[in-house]
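*Asks:* Letter by letter, the chains look like this.
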Amino acid sequence: MSNTIQEEFGRKGRPITDVDAQEITRIEELSYDLRIFEVMSREVFSLSSKQTMRDVIDLLRIRRISGAPVVDDGELVGVISTEDLMRALTQNDLESPIRKYMAVNVITVKSYEPVVKALETFTRTNIGRLPVTNENDELVGMITKGDITRGVLVAIRKDYKEEEIRRYRVRHLFEDITSDRTSLTLRYKIKPRDFVNGGQASSHIKRAMLRLGATAQLARQCGIAVYEAEMNLIIHTTNGGILRVQIEPHRILMQTTDDGPGIPDVNKALQPGWSTAPQEARSMGFGAGMGLVNIKSCVDKMEIFSGAGKGTRLMMEIHLRPNEKFMASTEGTQKPGI
Amino acid sequence: MTLQEIIAKLNLTVLTTPRDFSTVTPQGGYASDLLSCVMAGAQPDNVWVTLQAHMNVVAVAALREVAAVIITENAQPEPDVIAKANDQNVTLLSTSAPSYEVVGRLWEMGIR
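Protein chains in written order, with the numbering used here: chain E, 1352 to 1689; chain G, 5 to 116.
Rather than coming from a laboratory, the hints here were simulated on the basis of the structure.
Treat the hints with caution; some may be incorrect.
Have a look at the derived ranges for each label pair, beta carbon to beta carbon [said to hold, decoys possible]:
1. E/P1615 - G/T17: 45 to 53 Å
2. E/R1508 - G/M113: 26 to 34 Å
3. G/M5 - E/R1501: 38 to 46 Å
4. G/T6 - E/K1496: 35 to 43 Å
5. E/T1500 - G/Q80: 52 to 60 Å
6. G/S100 - E/F1656: 31 to 39 Å
7. E/I1413 - G/T27: 25 to 33 Å
8. E/E1380 - G/T17: 42 to 50 Å
9. E/L1537 - G/M5: 34 to 42 Å
10. E/H1555 - G/D84: 14 to 22 Å
So these bits of chain E aren't anywhere near chain G, every CB distance computed over 10 Å [unchecked claim]:
11. S1397
12. I1458
13. Y1463
14. F1473
15. T1476
16. E1489
17. L1535
18. R1544
19. R1571
20. G1574
21. I1575
22. M1582
23. T1608
24. D1616
25. T1627
26. M1666
Simulated crosslink set (DMTMM-like; lysine to aspartate or glutamate; CA at most 20 Å straight-line) [as the list claims (entries may be wrong)]:
27. E/K1540 - E/D1610
28. E/K1512 - E/D1384
29. E/K1461 - E/E1389
30. E/K1496 - E/D1424
31. E/K1496 - E/E1380
32. E/K1512 - G/D24
33. E/K1512 - G/D91
34. E/K1647 - E/E1668
35. E/K1509 - G/D37
36. E/K1619 - E/E1654
37. E/K1647 - E/E1675
38. E/K1461 - E/E1471
39. E/K1509 - G/E82
40. E/K1451 - E/E1471
Only a predicted model underlies this, so the values are computations on that prediction, with no experimental measurement involved.
Glycine included, each C-beta is placed from N, C-alpha and C at the ideal position.
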């Protein structure tokens, strides 16, 4: 994305800041990245203003389109649509020239503009088809919402392929590293009461594990465990905490640490249904008292170190079964239990 | 039964960017407003019925890989929740019917 486009089409009518940029979805991003000429239909069926409204019927019917540009001597002079046709039909005036019914103030978009410009024009004008012109104002194509949807889908499919390639590369990165014990540590800072970003770290962890070649089941299990742990930091801690995931060839270690307020009675906290979540969290559906229970069912080992007025350390460990092992292909890392 | 048919039969509003729902075949469902219960109980490709409509619904739905979330009683997610759902490939559907009715009708349709 070039700066000029960001400035011109910022969502709130101002340049996009870093914070905004984070919130932009891939689809929105694509509507800025893709240019109109990449998605438009190049096959344009145009008519001359001297042709009759009956010719319009034939063209729209045969080509299954709902409108067409009107071009005289290479110049775009108007557009004619089914609505104009209906007006002619009700007047029983099909032999009149197109000139009489066509719209002359033609709204066009430029082929080099980003797709978002066309979307914006569709919304602003309620027009479903727009003629596309080049820098010399020559008609080069037509664009509809359908063209945009198709273009975005193609681009997303390309994204998907790139994700596959990325996964392949990451997987092989570890094959090239020889050590007696290779591990990868992911660390996330979790802010207290940050419900809006709750689950963000967990989904990043899950994606990282899938890229590294973990089985879907294993990635899910880790996802659940770290999600509950992440939400605990958000719901309960005074100052937030750190979520750390250490991925090793034979196990996954997940750990959260915080500096308070601490759990006075850890055994009570482990009881299903027991919760100290405040009303704010409960109204959002947290505080079922199932968080630690869920974690326990997803991991092989769970330990909590805490006490009233102290910090809390939650340790979770999953031992990888032979069919679950990944990022382990060099000799050193394959020795179990080193 | 495809998600497309479910959307049509229950007259659900699609809140997220529509995709080809005729290729999505939900396997069973789960109903709860307690997120930890959903984390534990929902299975991948379930439909999840809830009246929660906030940001964390998207996180749970994505982590649990549910086929779609049906938000009941016209609870309206904020635009940023919908944007996040699009980003995470989570389908959000909406209905004015209460959860009890939605679950009953899904069960009748064979989503079990």
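*Asks:* Let me make sure I understand: some of the numbered hints might not hold for this structure. Which ones are they, in numerical order?
*Replies:* 3, 4, 5, 6, 8, 19, 20, 21, 22, 30, 35, 39, 40
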